[in-house]
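Asks: So the sequences go chain by chain: A, B and C. Under this note's numbering, residues 4 to 295 are what the first sequence spells out, in order. Under this note's numbering, residues 125 to 883 are what the second sequence spells out, in order. Under this note's numbering, residues 74 to 230 are what the third sequence spells out, in order.
Check the hints yourself; a few may be wrong.
Covered stretches of chain B, going by a simulated chain A footprint (3 or more residues, C-beta under 8 Å) [what the hints assert, rightly or not]: (1) 202–216; (2) 748–754; (3) 801–812; (4) 816–823.
Okay, derived cross-link-like pairs now, DSS-like style, lysine-lysine, Cα gap no bigger than 30 Å in a straight line [as the list claims (entries may be wrong)]: (5) LYS579(B) x LYS882(B); (6) LYS413(B) x LYS235(B); (7) LYS75(C) x LYS54(A); (8) LYS75(C) x LYS413(B); (9) LYS141(B) x LYS823(B); (10) LYS75(C) x LYS259(B); (11) LYS75(C) x LYS194(B); (12) LYS137(B) x LYS687(B); (13) LYS54(A) x LYS142(A); (14) LYS579(B) x LYS823(B); (15) LYS734(B) x LYS385(B); (16) LYS194(B) x LYS259(B).
Selected chain A positions facing chain C (in silico; Cβ < 10 Å) [as the list claims (entries may be wrong)]: (17) THR79; (18) ASN108; (19) ALA110; (20) ARG204.
Hints listed in this document are in silico derivations from the structure and should not be mistaken for laboratory results. Ideal Cβ placement from N, Cα and C applies to all residues, glycine included.
Below are the chains, spelled out letter by letter.
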Amino acid sequence: MQEFSYERPASIAEAVAAIGAPEARALAGGTDLVPQLREGRRRAARVVDLKSVPEMTTIAALPDGGMSIGAAVTATALARHPVIAARYPAVAQSAQLIGGVQVQNRASLGGNICNAAPSADGVPALICHAARALIAGPKGRREMPVEAMFAGPGRTNLAADELLVAIALPTAAPRAAAAYLRFTPRREMDIAVAGAAAWLRLADDGAIADARIALASVAPTPIRAPTAERKLVGERPGAALFEEAGRLAAADARPISDTRGSADYRRTLVAVLATRALADCGRQLGFSIEVA
Amino acid sequence: MGEDAVAKAPPLKVLGKRVPRVDARERVTGEARYPADVARSGMAHAKLLRSPHPHARIRHIDTARAAALKGVLAVVTAADFLELPLGASVPMGETGYDMWMVAQINMARQKVFWVGQPVAAVAAVDPHVAEEALKLIAVDYEVLPAVLDIAAAIAADAPVLHEHVITKGVDPRPRAPSNVCSRTVIARGDAASALAAATATATARLRVQVDTAHQGYLEPQAVIAEVDANGFATVWASTQGQFTAELMIAAMLGMPSSQLKVVPLEIGGGFGGKICIHGEAVALRLAQKCRRPVKLVFSREELLQGGSGPPAAALIEIEVGAARDGGLVAIEGTYHLDAGGLPGLSPSLVMQASAALYQTPNLNLQGYDVVTNKPRTEAYRAPVGIQAAFAMEQAMDMLSQQLGMDPLAFRLRNAAVTGSQMPIGTPFPSIGLTTILERVRAHACWRDPLPEGRKPRGRGLALGYWRGTSMTSAGHITIAGDGRPMVTMGAVDLSGTRTTMAQVVAEEFGLDLHDVHIQTGDSKSVGYSDGAAGSRVARTMAAALVEASRDALTQLRRRAAEKLQCAADELDYAAGVFRLPRSGATISLAELMQATLTEGAIVGRGVSTKLPLGVEIGAHVCDVEVDTATGLVTVLRYTAFQDVGLALNPAAVEGQMEGSVVQGLGWALTEGFDYGPDGRLRNASLLDYRMPTALDVPKIDCVIVETPVPNVPYGVRGVGEVPIVPPAAAVANAIARATGVRLTRMPMTPERVLAALKG
Amino acid sequence: MKTLLNCTINGEAQSVLADTRDTLLDLLRDRLGLTGTKEGCGNGNCGTCTVLMDGAPVNACLVLALEAPGRDIVTIEGLSESEALHPLQEALVQHGGTQCGFCTPGIVLSAKALLDENPQPTEAEIRHAIAGNLCRCTGYGKIVEAIAAVAGSQANG
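Only chain A is shown next, with the shape it has when bound in the complex (with noise of 0.2 Å):
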């Protein structure tokens, strides 16, 4: 294993600095990076440990209304804040599946962004809340959506001397609702086979106003399912329309096969995942729908 000098910066500034240097890797939870360095499939000349900064990992109020969840913030943290279990218990609920409770006492959304793993559990509920990734450089701050944070496989869109500093959720729509089911083989410890994340927004008559698919481990980086969320929009909630706009997701997803499954097996389950995950939108709005 290589050997790596360690830092632990107090403030945004000095972590901007330490994560500068060549080979510098941020540390947030480790369950990431720690194998990876063990195993030789990531390599860190500087390893710069977040945990010490406080905008890293605090949960706080936004002023429109929204929530920052600092990047190291462990999934435990967050899925036991009353305010983000209360107002985005999708996102709750995604924290909830990254491993077991061991990992998730160490794990970070931030961390799960950045490893851009298209598996990462945490990621689909954030692109249906439509979060943001703020991030600090040596010139300055900037955000972009979640969404456009991936890369590829193991990369981001950030550069090599920046950092995700926290994750920003807008404030909660009245009269939406969201959903992350995964699949996995066994109940936990397991990389999702694959996952879609559903959000809904009624309009007033009931109808749909806005609707969000996104979907892990069908496509080198989390990505959404188009084609789906244009069915959905204007249309009332109901089982057969969440049964084609889980086709259409299948539709919109390119998956490979692995070990863990094959390209028509993830297919299929992108379908029966979004649709469930719209049912369970649904069963949150207030509308009785059963699905298989």
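Guided by the hints, dock chains B and C onto chain A, whose structure is given.
Replies: Coordinates of chains B and C only, in the frame set by chain A:
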């Protein structure tokens, strides 16, 4: 041991009781010591260099740069070990253990046969240096074409792994070598004709493919080897058999037996995968070369990626036929077993096991062991039992459906009983299959209607049989100054036998359990005992320790008689006290030992060899729910019935059953090796080699049946292996009842279940 | 490279010479000789290396030793004071919840963290709390029973 027919006449006081393990405390406090926990002064750290190719010739290995690296203390290759001839073996039970194979598993010589086979090893001052040193070893391979599964290996122009392998059991003897090592036939009557005739009544046929899996012991292989100033070697190992390990190490290094000992420490699970040595001899050779203790600990990835011996993949085809009244008329089976990279996996036991429980006049079982370029397979609790049951028990289920018979009634109709002819022709010794089946019939798990759910649900029944083995167990008992027995047993405690054997000795001496001290001896401090395997230890060590107890008591009686000045046979003995009835004089064991300390030790010795078998039989009932949209199978309820002869300790028996069932469920549903076309395992981590978590299985209910074995002390049967045999078939039968679909591929992953549902 | 780390392990201040590449697991086992915490897989998938860090179960193989200073770390060795076993340890002994013992230290700590926070868990909550601790020997039944028994007895005072 003839007079110990059934259970002892007076009621048992300690045996048969649900007592906690005598060694549980150190486990819950973390004080139990496994080899990786040991640190020896000046210890070096070893790592193995492993083949990246599934099939290759080794042209040359250059270790010079590695040896020159600062901090490297020794480097070894096959040149540092004896070259053992084909046919070399070490003693083990009746068949011995193929030492030519063991040597290759531990250090490849001239050829590599699987990804991960060791080709060299280093010892260094720390693991990081050892890792760097491996990168400096240059191996010149001539890569050869590989065969990665049975079908590829038996194809007409398949590349041959071993030029010396000519298929045995084929007449006329083939001229050319092949990857089929042997053909074994077990037959009686005329199965082909009987099956042909049975098409008019009922037949069923099934062909299954089983992926290999892994024993999944949580503790990776670990060993420390140390040589003293006189060249005497001590090896602390995680092993199922210290004597077997010693024999194997000595054979590889050409050491006389008196020059080494193997000390078995705690073992974090074995299940058959730690009978063969993996690294012990290499660690010792390194220790000899660098004159420091050497510690070798496998990583999880390396043990999965060819560093250990998984159980066999298999292709099994079964055809069964019955008459109109449900009587079985014939069983035909073809079993292809995947031995991995080295020959010698006999199909005989598993063929017998899969058909043993059924009475039928016509039987034709053909078994083939085939080599492929994957790790050499090793045992995993009732080896190949679960694979065979996956085929046979589904075929029987299908047949019962054909006949319109309840599957339990069908089994009762055809169940073997004491005296029935076993597949190899000998009569079944005492068995209680019909008793078990009647218990199933009466039990809530069979009578309760299946609870309704939104998804399809079904209930499956499957049987299991395992013969087990006896081999040799030895032990001795000394008596401490306070009169308490100190037991040294020769077998490693794999299944809680320190506790059950302490119970045996306590029972024999009429003492409390906690008056008995017990330990497992190392390979020089106790009589030779074969490894803990084959469900043999409780039964055979009980026999040995009964003998040892009686031997010790005889010696004690003589001394007591001297002290009480009477004839030995005038004395009564009970609960630690000798009493002379005619005078009322007594002397306790403690008093006796205090009074005779200078007269030499009391040493009671016992050994058991080839004890009559206590065959294991089980019947399992499983309720499942199938998500027909995703293929996910949920086990809702599971009940395991088993005949254990006598439950020495019901808590321990249940523990064995529950754990073994969950292993079976894991292989049934989520565990399977996924080899890529390059011969590398694609799921060599516990993330993607999916063993059940606490959320994946329900509570396993156990029903213990007791049909004692004659001529065995306490009538004890083996326990730990058969529970892994039925689960996959029980689940498959339940899925079939729920959905109408038969699964023929194991593990029955959600993807495979869904594909089968979609037809 | 070597580094001196000041850590709090089982309530005691320890000054340990570690390799900068060590994980917390390496630190505990190889530098401090606290071998009750086990290595089963090295990458967070088995739970045999579970320790409590500031009261929360974590996989020690996923924590760098360099992160340990300033945290309150409890290993299995820190659980029983003097001769008396913690009720969870006693329950596992009495209910047959340990066989080979390799998963046991991790199970004990995960269960302790559960009961510290949720003294009356349902069976599902118990199974969830130990889902990150694989056991290959027991099939989990007697482990769950033991934990439930402790919860039950604590409810009865």
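Asks: Evaluate each hint against the coordinates.
Replies: Hint-by-hint comparison with the structure:
Remark: the region 202–216 of chain B is not confirmed as covered by chain A, as 0 of its residues place a Cβ nearer than 8 Å to a Cβ of that chain, below the required three. Check result for the region 748–754 of chain B against chain A: holds, 3 residues qualifying (beta carbon to beta carbon below 8 Å, three or more required). Counting residues of the region 801–812 of chain B whose C-beta lies closer than 8 Å to any C-beta of chain A gives 4; at least three are required, and the coverage claim holds. With a threshold of 8 Å between beta carbons, the proposed coverage of the region 816–823 of chain B by chain A holds, since 4 of its residues qualify and at least three are required.
Under the criterion of a C-alpha separation no larger than 30 Å, the hint pairing LYS579(B) with LYS882(B) is consistent with the structure, at around 16 Å. Proposed proximity of LYS413(B) and LYS235(B) is supported: the alpha carbons are some 24 Å apart, at most 30 Å. A distance of roughly 23 Å separates the Cα atoms of LYS75(C) and LYS54(A); the hinted pair therefore holds under the 30 Å criterion. Our distance criterion of 30 Å between C-alpha atoms is met by LYS75(C) and LYS413(B), whose separation comes to about 28 Å.
For the hint linking LYS141(B) to LYS823(B), the alpha-carbon distance of about 22 Å falls within 30 Å, and the restraint holds. As the CA atoms of LYS75(C) and LYS259(B) are separated by approximately 23 Å, the hinted pair is consistent with the 30 Å bound. For the suggested pair LYS75(C) and LYS194(B), the alpha carbons sit about 17 Å apart, so the restraint of at most 30 Å is met. Using a Cα cut-off of 30 Å, the hinted pair LYS137(B) and LYS687(B) holds, with the two alpha carbons roughly 29 Å apart.
Simply put, LYS54(A) and LYS142(A) have alpha-carbon atoms about 22 Å apart, close enough for the 30 Å limit, and the pair holds. A C-alpha spacing of about 21 Å is found between LYS579(B) and LYS823(B), which places the hinted pair at or below 30 Å, so the restraint holds. Of the pairs offered as hints, the one joining LYS734(B) and LYS385(B) holds, with about 25 Å between alpha carbons and a cut-off of 30 Å not exceeded. Restraint check: the Cα-Cα separation between LYS194(B) and LYS259(B) comes to about 14 Å, which is no more than 30 Å; the hinted pair holds.
For THR79(A), the shortest C-beta to C-beta distance to chain C is roughly 7 Å, which falls under 10 Å, so the interface hint holds. Interface restraint check for ASN108(A): the shortest CB-CB distance to chain C comes to about 4 Å, inside 10 Å, so the restraint holds. A least Cβ separation of about 9 Å between ALA110(A) and chain C falls short of the 10 Å threshold, and the interface hint therefore holds. Interface restraint check for ARG204(A): the shortest CB-CB distance to chain C comes to about 32 Å, outside 10 Å, so the restraint is violated.
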